[in-house]
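S.K.: One-letter residues, chain by chain:
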Amino acid sequence: MAQKHATPMLDELEKGPWPSFVTDVKRMAPKSKMCEDWLGLMEMSYRDKEGHWKHGGIVGVLGYGGGVIGRYCDRPDLFPNVAHFHTVRVNQPASKYYNTQILRQMCDLFERRGSGLTNMHGSTGDIVLLGTTTDELEPIFYELTHDLGMDLGGSGSNMRTPEGCLGMSRCEWSCVDTQDIIYDLTMEYQDALHRPMFPYKFKFKASGCPCDCVAAIARSDCSIIGTWRDNIRIDQEAVRAYVGGELVPHAGAGGREKGSFDIKAEVVDLCPTRCMEWDGKTLKIWDEDCTRCMHCIRVMPRALRPGLDTGATILVGAKAPILEGAQLSSVVIPFIKMEPPYGEFKEFVEKMWDYWMEHGKNRERLGEMIQRVSLREFLKACDLTPDPRMINTPRFNPYIFYDPAEVPGGWEHDGVAFRQRHQA
Amino acid sequence: MSEEAKLRIIEWVKQQKKTKHYFNDLCKAVPEIKMMQAKKIINELVAEGKLKYWSSGSTTMYMLPSEGDVDKEEKGMN
Ligand code: HEM
Ligand code: HEM
Ligand code: SF4
Ligand code: SF4
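Protein chains in written order, with this note's numbering: chain W, 1 to 424; chain F, 1 to 78.
So that you can see chain F by itself, here it is in the shape it has in the complex (with noise of 0.2 Å):
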């Protein structure tokens, strides 16, 4: 059930405008799960390297690793 979610999650956030996301907006991709439940299933994403943090040092979003380059960040920045 839980890999099932894992792809919902990954496509929701393929088809988002935004690059970054919320913890809460992830779980409308699977409103049948339980917070503390899709907690669990998101925190397996980010250890597998299918989603990664961003923060702003106060908050926390989610962004898929190909928009979230460390590499390409800085340099964009310098």
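Bound-form chain W, shown alone (with noise of 0.2 Å):
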């Protein structure tokens, strides 16, 4: 069938090796008249270099401070059909697990009320749904919510949809339930989900062990991260096996065969902390240096394994460059148990947010507060104890910042006087 409008520059990003959005919306055009104009309007951006999309507006569906994300073209008498292009977030089910039937549903749903387009998923974990107008925003999330059993993730100012991988459901290195932990969160916070309240969006995402499959070190405010502070565990038959050739390292992933496997060069020379010894025979770690960096385990998948006292360390203040560059996550509670109903972990995201609703900036993530105001007052404003752990390179800092109200005695420091005496 003809397009309704001609996009020779769209049609280059068909031509290359990876999938292609365009050819995506090309193939729900037939159906969909968004999509036809989306072509068209895109296709004009290309030729002229211009955007003709509007940020932001006040649709919504009654109740909720999230979820929909306003967007309005501002060419709709050349391209009606994309007038409003609004973007709809569902909360995607912890470690995003589906059946056939609701996936279905959801795409028959959008197929109705608007372009057609999904994302699976976007960068914030939701799944999102591309264009439609404000008419159709009630019924969606009448039918999301009554027909689905789904309800719309976060937006704006709010608490984002929470995001974990896999974690025990498949994946025998994980040290926390990242599901049961996502869902519960996103039960016990819902306010915050749909209302907003923050100085800027706040996101969690948990990870099963520090291979951080859904990278929260590096994209959540806070970031649970599975570990263990026992020792990891060694079976010396099955590393004498992938020295002797008889297992495959990395379980073959990168192509790996058997009997080409160097155990000093490829795990033990590696280790970050050289916690590590081979002597032919029996291989040693010295726990207390290791900082779980997962190399080894994933070399070695049969005969090394994380400990069994498992649980998680907690960092906060991942984000990408806004006001301040891009930012991982440090570490603020170095060990955690991280079992049901998690109110130790929920008197500390408490204390979090207060002191980030007080003493926060607008749109101010909390990284950036945390590097204005210092790690040491974050920490106390949450009752955490300063810790080596939280340090990148502790036996390098020789330096040493003492509070007044730390030490017997303390001391007063009058600034102005000391001025007075002392030419600046």
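If you are wondering where the hints come from, they were derived from the structure by calculation, not from laboratory data. Do not take every clue at face value.
Calculated lysine-lysine pairs in the DSS-like style (CA-CA distance at most 27 Å, straight line) [claimed, not checked]:
| # | chain 1 | residue 1 | chain 2 | residue 2 |
| --- | --- | --- | --- | --- |
| 1 | F | K28 | F | K17 |
| 2 | F | K18 | W | K380 |
| 3 | W | K351 | F | K18 |
| 4 | W | K361 | W | K54 |
| 5 | W | K380 | F | K6 |
| 6 | F | K28 | W | K351 |
| 7 | F | K50 | W | K54 |
| 8 | W | K361 | F | K28 |
| 9 | F | K14 | W | K361 |
Dock chain one against chain two, each of which comes alone in its own frame, and use the hints as you go.
M.R.: Spelled out as structure tokens, the structure:
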């Protein structure tokens, strides 16, 4: 079928070796007037090197301050079917498990009431329904909640839809039940998810082990990363089987084959803290120096496993560049058991939120606020004790700043009087 | 107490030149109230239709319903 608008420039984007969003939209266009006009509008943008979308708006569903992102086109005269192009974020199930029935229902719903375009999943973790009109928002919300048993996700200055790795459902390395944690936080903090109250967005992400498959350390204001505090479990027989070429390293990933394994070069020498030793017969690990990087376990999964006294490390402050540059999360709780109902963790969360709400500036992420007020102030506000594990290279830093309140006798410093006695 | 706080918040919004306000700024109208508590009050104002959300997608702001009419906003854009 002939396209409504010719798209010579967009067509170029179908030629590479990768899946093309242009192909996807074209496939939908015969069924969707929105997609037809979307193609025309995008072609114009590519030709003129100018965008035609407007950000933001007051649209939403009753009672919710998030989940719908208003988007409008500034040339409705040329492309009336994309005059409105709102996005609906749908809270994905923990670890993104669906049955095909739900997927079909969701696609049908969005073909009936929107462009039919979906994004599985957005970088927030949500299912994203791309492009609908203001009058379809309430009906979509009604069908989602009543017929599909699903809810909207977060947007704006809300807690965002929490996200986790597959965790214990499929992964032998998971040290915490990420699915349960994500479901529990989602239910516990419904109000924060649907009604904005923070200076800016706030994201939780949980990975079951330090491999960090959801990149919690890079993408969440509060990262929950599974770990263990006892020792790596070693099966010495299996270690020797790897060395002897009976087992394939990396479980064969990257095309590895049997018999090419050098344990010293590939494991011992690559341990970031150099806490391993191989004497030709036995592998020794000094666990007190192990940073739980997972490298050795990934290479020899049949021989090495995480310990049994498992829990999580809590880190805070990751963000993409907006006010400040990109930042990874920093450790604030080196180890916490993370067992339901997660009371100790939630106490921390609520202290953290109280402090951020009181002290955070508008559009300042948690990590940026901590950079401004200092980690020390933040820890104090959350009743946490500073610990060398919160510092990147503690053994290289000889400087310790004492708080007068923590030194017997303390001291007072009068800055104005000091300057009177000392010239600047 | 919260009814009185609600009035003060609305009065404060009416006095401002800007039409869109951050949550933090609304709280300035009731400085003696803790943020978590203020959040409840502001939520009630939204539920009662006395304030409205505006969202860029990444940040949320609040406005008076008289300023935040969807119909008007969309006609203005068309
Ligand atoms: C100069 C133009 C734009 C900039 C700088 C911009 C910037 C951004 C940023 C920084 C995010 C957050 C990404 C993330 O961390 O998940 C985002 C998300 C988003 N933007 Fe834009 N954007 C632009 C144009 C648009 C347009 C034209 C639309 C739609 C018509 C749009 C729709 C969205 C949606 C729906 C999301 C959320 C996606 C998700 O949930 O994964 N944006 N944008
Ligand atoms: C309790 C008193 C003092 C402490 C704790 C102290 C501490 C330090 C430290 C940690 C360094 C850096 C060393 C390094 O390069 O690794 C340093 C360097 C230096 N200090 Fe002090 N200092 C003290 C008193 C003084 C005084 C009274 C003077 C001179 C009036 C002084 C002059 C210097 C100079 C010139 C350097 C630079 C040395 C270089 O660049 O190699 N310090 N000090
Ligand atoms: S983060 Fe760890 S536990 Fe989770 S899926 Fe990845 S490897 Fe498995
Ligand atoms: S997990 Fe990482 S730090 Fe720990 S022993 Fe293995 S390689 Fe070394």
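S.K.: Compare the structure with each hint and give your call.
M.R.: Evaluation of the provided hints:
1. F/K28 / F/K17: holds (15 Å)
2. F/K18 / W/K380: With Cα atoms ~36 Å apart, F/K18 and W/K380 exceed 27 Å; violated.
3. W/K351 / F/K18: violated (32 Å)
4. W/K361 / W/K54: Answer holds: W/K361 to W/K54 is near 25 Å, not above 27 Å.
5. W/K380 / F/K6: violated (33 Å)
6. F/K28 / W/K351: holds (21 Å)
7. F/K50 / W/K54: holds (26 Å)
8. W/K361 / F/K28: holds (13 Å)
9. F/K14 / W/K361: Between F/K14 and W/K361 the Cα gap is close to 23 Å, so the pair holds against 27 Å.
The earlier numbered hints that this structure contradicts are 2, 3 and 5.
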